[in-house]
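**Q** Sequence:
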Amino acid sequence: MILYTLLIILLVLLGMLTFIPKYQAAINRFSIGINFFLTLIATLFGVLLAMAFANIEEEQKEKQHVI
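Start counting the sequence shown at 1; every next residue gets the next number (UniProt numbering).
Treat the hints with caution; some may be incorrect.
[Stated by the list, open to error] Here are the simulated distance ranges between beta carbons: (1) Ile-32 with Val-12: 35 to 45 Å; (2) Glu-59 with Val-12: 48 to 58 Å; (3) Ser-31 with Ile-2: 16 to 26 Å; (4) Glu-58 with Pro-21: 38 to 48 Å; (5) Gln-60 with Lys-22: 20 to 30 Å; (6) Glu-62 with Ala-25: 26 to 36 Å; (7) Ala-25 with Gln-64: 50 to 60 Å; (8) Thr-18 with Glu-58: 29 to 39 Å; (9) Leu-49 with Leu-17: 16 to 26 Å; (10) Gln-24 with Val-47: 44 to 54 Å; (11) Arg-29 with Ile-2: 30 to 40 Å.
If you're looking for bench data, these hints aren't it; they were derived computationally from the structure. Cβ coordinates follow ideal geometry from the N, Cα and C atoms, glycine included.
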């Protein structure tokens, strides 16, 4: 879980580089690749978030069914 969180934070920080005006020339030149990268970040974030919620829900069910 901590690894997922660190990975997401790292990818979000890399994605935030696209908003820095200093890098606009490179962003315009590589716009297709950057759009792919940002889409990849969003997809990974969604999948990892869903996995985390599923794990939390499963742990709660296990605690309820303990005799």
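**Q** A separate judgement is required for each hint: does it hold in the structure or not?
**A** For each hint, the structure was consulted:
Between Ile-32 and Val-12 the beta carbon distance is about 21 Å. The supplied range of 35 to 45 Å is therefore violated. In this structure, Glu-59 and Val-12 break the distance hint of 48 to 58 Å, their C-beta atoms being roughly 26 Å apart. The hinted window of 16 to 26 Å between Ser-31 and Ile-2 is violated, with their beta carbons roughly 33 Å apart. The supplied range of 38 to 48 Å is met by Glu-58 and Pro-21, whose beta-carbon atoms lie about 45 Å from each other.
The hinted range of 20 to 30 Å is not satisfied by Gln-60 and Lys-22, whose Cβ atoms lie roughly 46 Å apart. Distance hint for Glu-62 and Ala-25: a CB-CB separation of about 53 Å, inconsistent with the stated range 26 to 36 Å. Restraint check, Ala-25 to Gln-64: a C-beta distance of roughly 56 Å satisfies the suggested window 50 to 60 Å. For Thr-18 paired with Glu-58, a C-beta distance near 36 Å keeps the hint of 29 to 39 Å intact.
Judged by the Cβ atoms, the range 16 to 26 Å given for Leu-49 and Leu-17 holds: they are separated by roughly 22 Å. Look at Gln-24 against Val-47: about 30 Å separates their beta carbons, and that is not inside 44 to 54 Å. The hinted range of 30 to 40 Å is satisfied by Arg-29 and Ile-2, whose Cβ atoms lie roughly 36 Å apart.
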